[in-house]
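Following the hints, put chain L in place on chain W, whose structure we already have.
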Amino acid sequence: MLVFWVGLLLILLGGVLALLLNRNFMWLKLTAVVLTAAGSLTGLGATLSLLNKAAPATISITYLHLLSLSFKIDGLAAFFLICIFGVALPAVIYSFHYMHRAENPLAVALHYLFFSLLIISMALLVSAADSITFMLFWELMSLSSFFLVIHKHESADNRRAGYLYLAFSQVGAMFLLAAFGLIYGHTGTFGLGNLSGLSQSVRLLIFILAVIGFGSKAGVFPLHVWLPQAHPAAPSPVSAVMSGVMIKTGIYGILRMYALLNLNSPVPGGIMLIAGIITGVLGGVYALGQQDLKRLLAYSSMENIGIILIGLGLGMLGVSAGKPIMAAFGFVGGLLHVLNHAAFKSLLFMAAGMVQHSTGTLSMDALGGLLKKMRLTGIAFLMGSLAIAGLPPFNGFISEFLVYFSGFHGTGLPRHGFVLCLLAIVSLAIISGLALAVFTKALGVAFQGEPRSAAARSATEKGWTMLLPMSALAGLCLFIGLMPKAFIQLAVQAAAGLNPAYGGLPLEPFMELIGQISRFSMLFLMLLILLLALRSQLYQGKTVTKAGTWGCGFTRPNTRMQYTGSSFSASILAFFRPLTKLTEDHPVIRGRFPGATHYLSKVNDLAEMYLRPVIVNPVLALFDKLRWIQHGDVHLYIGYILLTIVVLLFFV
Amino acid sequence: MLPSMLFFLSAILLAPFFAALILKVKAFFAGKKGPPLLIQYYTLIKLFQKGSVYSTSTTFIFKLGPVLSFCCALSALMFLPVAGRPALFAFRGDVILVLYLLALGRFFTIAAAMDTASPFQGMGAAREAYFPIICEAAMFLILILLYVLTSNLQIKAFFQGGQPLLLWHKAGSPLMFVVIALFIILLTENARVPVDDPATHLELTMIHEVMVLDHSGPDLAFIELGSFCKLFFYAGLVARLVWPFETGVPALDLLLFFLALLAVYVAVGVMESVMARYRMDKVPKFVLTSFALAFFAVIVTLELAK
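So the sequences go chain by chain: W and L. Residue numbering for the first sequence follows my numbering, beginning at 2 and increasing consecutively. Residue numbering for the second sequence follows my numbering, beginning at -9 and increasing consecutively.
Excised from the complex, chain W in its bound form (with noise of 0.2 Å):
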């Protein structure tokens, strides 16, 4: 447990540091990336010995009897603190190369101090163990992510998205906050005990209010709306934390919270199950209907969490039914997903730096060609996208199996177990049909081809810090598809805790299944490289020449004919039309020598389409009639305050 002290110490050394730094701008980068980098690993380390332990480690701080702290990790705080001290790591060295804004240093300086807080608070928020210290991390958690978006507050578009950011996280909070409470007057105690005694409606309630709260942080739908504005705002490294690890923090809630309410009911199973098709199926339309990398992203991430919410649901289902088998595939699966989706997300959102870091845009139909130029990101991003589209013999395939697997197990449950796991079956076959159109676009449009822009032209790959992490997370991508087994270990340990009803997890049918893949994966590997070989005998002295792509008989084609993304992706969009609204705006063209002409099409959000008219404007009219008590008089303000004194004194 020390160890991990000393590894969240070097990680807060080095954003207090950097900003004492601010002066030299290469040492404030040197020495926070170092230091942060160095933390990172240390924490690493000492999770993984702590695994190793029977017991969890625990341990509180009490200062002055005012503020009492205590922590606790155990198999499922542990692998939460793998995966965010795993992206961390890979993200800060990253950061190194892409803050490249030396006129600004206290800006970097000061966006290196809110990173380490970030990392730090979200370590300490999944090994709280009292709901006093979860709040305070979370809420650090929100502010220096907050803070984190808002870095190039220059824009207006981006403080727009963070201050969205903001009121999305303080909603959130302020359900969990009503989750916390509830727990507190029921049992009097602020430590997350065992929860069972309490009744079983009032148990239901903290978890749908955890869900709501947990789910705003995490993206579910329809409380996603700041996604998706947030992450084209934040700089790359920041936007792969907060998609690879930050919204997990959300599922690492709802799991929390489920393992301490001890429900012996579908409804919870029910409700994350729906929640899971809703977000997964719609974070895929909408991630199809976008132009710019980051937005897509974010949708995907959406769509992920989506993923994890079904097999986590699914889990959940199989223990109130009583098939422990159901329950562990759904779990596992869910949980190596979160695992998984932090190694690939995180790869992409690096990936998409690069190209905003080297050509100045995300815009897809702007871009194209970049593979040619610059080979490793491509490559990257290439492997990063077979893995999150779920194709062997990459690490996505594992987790979605597994979850599948519980899906085939639920199936034999009566009724509305059944409607729920044949659903859950069949949007995971379209939530994974649709990860290959995005990503098969997203690669198609903005990397292959010819570029479609003079800044698409002239990109290169610079930065070897940069390049470093993409690398290691594509081959970790593969690592994990090819040998499984340590990490599903990991997430076993990890479920282990969730289902009491059953003790410790098997491990036998999992290992059984898991090591037929990935014998099978090995062999198509050989197979491929046999095939590989293959061609290039039969290639052997025979004439190879180079061309134009077949124009199909048109003699002079342009880079602007090529098809975009919008193109890609527009019957697919149309296929599910009433959820995606299509603006558009086209001015018709008249007269017979007509002028320039413009097209412009744009993907609408359900949820982001309803916010204003639905919640937005009638809290704001509401607001408006109460303006009347805001006049200004001190007086009045501090009757206000006794009067509130007063009336609570009645109730309390």
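Among the hints, a few may not be true.
[Unchecked claim] If you anchor each label on the Cβ, the simulated ranges turn out as follows:
1) L/G21 / W/A608: 54 to 62 Å
2) L/A282 / W/R161: 40 to 48 Å
3) L/L(-1) / W/N53: 43 to 51 Å
4) W/A608 / L/A266: 39 to 47 Å
5) L/V169 / W/T560: 41 to 49 Å
6) W/H599 / L/T140: 51 to 59 Å
7) W/L583 / L/K272: 15 to 23 Å
8) W/P510 / L/A282: 28 to 36 Å
9) W/K486 / L/A282: 35 to 43 Å
10) W/M610 / L/K272: 27 to 35 Å
Simulated from the structure, these hints should not be mistaken for lab results. Don't be surprised by glycine CBs; every beta carbon is placed ideally from N, CA and C.
Relative to chain W, chain L alone:
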């Protein structure tokens, strides 16, 4: 293991022959003599002997694509119980792996098409990404049905030995829907009429053929052989359902299986001869039919299972 290996190899070797059969059927309907039955072998040999022309727009993905999609089709065949005999590989959940391997092949076909910067190929790629979404959903519905009937999730449990006959006994009427749904999926996944027209290359309405427009030489041969293998895989599944009986005499069983397979290929040929390709916006409705049939079959099975 050895017989399985032999069946696997014979499947690869026979796949081009059966594909040529479709051409023969189409020629018969058009009142023509048609190409010889070994035409696909001649084509493959010719292609393997040639060199290639690569577009200056392409990258390594364009070269990797054909080999990888061929590799995926081969891997799928390794799980096919040819004539109801044990396949090379069988384990729990293998059917999900096979579906995802085919998706991997599709990913690279699309990526290779996008590599050429050609708007036509982009168009084909967009459609190749679109229709399989519905197909996969239908396929998983069929899997749910088969899982409900057998409580098992491997190809072996559905298509090997006497298993198909058992399925017919358990739920005969829903299985009829499954056969039709599977046939529609076969047509869609393998780019046949009425979803796609494999006969012409140069039209905006094509899917698969337009995507491979820029490939040549051995690369094109890999693509062709891969698509024959993929068609053989799906046809092999349908054939097992169409002819589930086993006589007990191995040689006769083998013969009967290949006759059933022949019937499936002839049915594809007849489809292509008597039907026109659908307009592109009609295709999703056609593919959705398979989804609806599979869904209906699942519901009926639930009643039967009670």
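Checklist entry - Hint by hint, which ones does the structure fall short of? => result none
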